[in-house]
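So the protein lines, in turn, are chains A and B. Residues in the first sequence are numbered consecutively from 20, following the working numbering. Residues in the second sequence are numbered consecutively from 8, following the working numbering.
These aren't lab readings, by the way, just hints derived from the structure by calculation. All of these numbers come straight from a predicted model, not from anything done at the bench. Each hint should be verified, as a subset may be incorrect.
As the list claims (entries may be wrong) - Below, a sample of chain A positions facing chain B; criterion: calculated Cβ distance under 8 angstroms:
#1 L40
#2 E53
#3 G54
#4 V68
#5 R69
#6 A71
#7 E78
#8 A80
#9 A83
#10 G84
#11 E86
#12 L89
#13 V96
#14 W110
#15 E135
#16 G344
For glycine and all other residues, C-beta sits at the position ideal for the given N, C-alpha and C.
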Amino acid sequence: MKPQNPHAHEDRLLDFAYGELSPQDTRAVQSHLEGCPKCSEALASIRGVRSAFSQLGMEPAPEAGLESLLAYAQQSVRHNAQAPSPKQSLWRRLTVPVMGIAAVSVFGLVTLRVNERVNLQPEFSAQLQKTAAPVAETALPPSAELALPSAPPAAGAAAEPQPSRARREQDWDVLESKKKMEKGNWAKVSRGSLPAAKAKEAQVPREDEGESLAMAADDAFAPPPPAPAATAEPMPAQPEAAAAKPAPYERDEAYGAAAPSGALRLSESRSRRSKGKDMEIGAGPSKQAPSETERSQQATVARQDGKRVLEASLLREALADGATGEERWSLLARLCDAEFALGRREAAIEACSLVLKEAPGSPAGLQARRRLAQEAPSVLPAQPGTGSAAPAPAP
Amino acid sequence: MLAFQAGDARAFEALVRRHRMPVFNFILRFTGHPSRAEDVLQETWLKVVRNARDYQPRAKFTTWLYTIARNLCVDSARKESYRQASSLEAPAGGTPGAEEGRSLAESLPDTGVGPERGAYNARIRPLLSRALASLPEEQREVFVLREYSGIPFKDIAEVTGVSENTVKSRMRYALEGLRRRLTELGVDGDLAGDGKTVAG
């Protein structure tokens, strides 16, 4: 027996006395005790104390409270059977607060968004009309537009009437794209800081007047360039062109779902116009179909829908497309009316003055005169036969 | 215990029947007061029921049970010391031969078999009880757990939260102290009986 510490003997004797040694160790200790009187004496001391305290014996446990204890245990078992397991309880303890917070957050966001839309929708529409006017005035000088030379009449060309529903969809798409653009700008305007880029953009006149709306739509949707077959109005005598002409909705499908019909239509007109100019320079009278009638009809629809900004833009484009005669005067008179409605007084006066200058006796001239008499009597030129004459603004 | 965890109330009754007496004796020796021992015993089993979900099978049930009982004994002893209530030794007061109050040994029923044995027990048990109560608490609990409850030293180390070597060291000190105390009281281990032990 080789003790590792001074008490190793006694520890092993304790284990031996209480029977906690393995049989092999028990035999080893027994053999050691035969030749070690000190360890034998220590063991005898331990056994003597144990013998003495065995007299205290084991006392019986009281029976009081046993029945109530067992009843409590049964009740607890029933309660535990109804309650969820500890793992579920822990899981719920963790997930329930998280889910609750998430639900409250989603509800709050939805409420905010709904309130935002409900509250801002009328303001948004009003702001759209208010801000569209100065932007258009800055970007598109009315005088420059109206001073454009009248487009040469497209001989033999007839405008293709569009279905009313398709036209409304186009107008709606264009207006929506414009709203998206202007909504972004409003956030900046409301903070009182118009970005330099926007200011620069507003100061630079557009290359192609009256196309601000079309450019906005093009920028927003970026449609592919229209196919020539889609832009050219087929003549009845040209079967190949007629065969290539798709239906209005088929054209939209040809460009894919991402190309809205409104953007397509305006792009078509712009492309048609530029193509017409090219033809003017090169091949002379062409098969280019004039679109002023179409634009005039679109403007009518826009007015019926209360979209005066769009109406004014379409009227300008129709004028720029080369409307002449009665049609031009009628467009000018309608433009005058639309501009007055938008609050763009100078542009309106200029349009009315042009009508009065070019055809004072026409129905459009009379309409323009009435409009001027209502809105700006001071600038009304003198009627034939009357002495009072107000100087008309320079065209 | 696993059966009781699974919802078997009869398993709990079996546990109570098996462990109630040794646990009660441990509590009784630890506290030294029969009525407090009954309260602590009842509280121990109630705690077993309430904490049944927390029981892990990796631990012995006896270790877990005695850990609960021992902690409740410690709490009870602290409360008692705060109240400065009379301890097991308090009623003795005077000399060993004087009239004593009802201590633990006197309050316990006589388990002897014959008149002579009963008379001997009546004489020696108060002395044994007094000797046991004179031990420091940490030595007394180790001695009681090993001698009366039969808990191995390794498990006692778990119950008391100390190392096994510390437990054995405390046991050695407890045996030496009891031996001295018995000698002082005039009780010889050889006279105490026929060499039998309680739980060893």
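To see whether the hints hold, each was checked on the structure:
Annotation: L40 (chain A) was flagged as interfacial toward chain B, and the flag is violated, the nearest CB pair being 11 angstroms apart, outside 8 angstroms. Annotation: E53 (chain A) was flagged as interfacial toward chain B, and the flag is violated, the nearest CB pair being 19 angstroms apart, outside 8 angstroms. With its C-beta approaching chain B no nearer than about 23 angstroms, G54 (chain A) sits outside the 8 angstroms limit, and its interface hint is violated. With a least beta-carbon distance of about 5 angstroms to chain B, the hint placing V68 (chain A) at the interface is held under the 8 angstroms criterion.
Interface restraint check for R69 (chain A): the shortest CB-CB distance to chain B comes to about 4 angstroms, inside 8 angstroms, so the restraint holds. Because the closest C-beta pair between A71 (chain A) and chain B is about 3 angstroms apart, less than 8 angstroms, the hint holds. Because the smallest distance between the Cβ of E78 (chain A) and any Cβ of chain B comes to about 6 angstroms, under 8 angstroms, the interface hint for this residue holds. With a least beta-carbon distance of about 4 angstroms to chain B, the hint placing A80 (chain A) at the interface is held under the 8 angstroms criterion.
A least Cβ separation of about 7 angstroms between A83 (chain A) and chain B falls short of the 8 angstroms threshold, and the interface hint therefore holds. Contact between G84 (chain A) and chain B, as hinted, is supported at the beta carbon level, the nearest pair being about 5 angstroms apart and thus within 8 angstroms. Here the hint on E86 (chain A) is broken, as its CB sits about 10 angstroms from the closest CB of chain B, past 8 angstroms. Interface restraint check for L89 (chain A): the shortest CB-CB distance to chain B comes to about 6 angstroms, inside 8 angstroms, so the restraint holds.
For V96 (chain A), the shortest C-beta to C-beta distance to chain B is roughly 5 angstroms, which falls under 8 angstroms, so the interface hint holds. Contact between W110 (chain A) and chain B, as hinted, is not supported at the beta carbon level, the nearest pair being about 15 angstroms apart and thus beyond 8 angstroms. A cut of 8 angstroms between beta carbons decides the hint on E135 (chain A): the least distance to chain B is about 50 angstroms, and the hint is violated. Interface restraint check for G344 (chain A): the shortest CB-CB distance to chain B comes to about 97 angstroms, outside 8 angstroms, so the restraint is violated.
Hints 1, 2, 3, 11, 14, 15, 16 from the earlier list are contradicted by this structure; the remaining hints agree with it.
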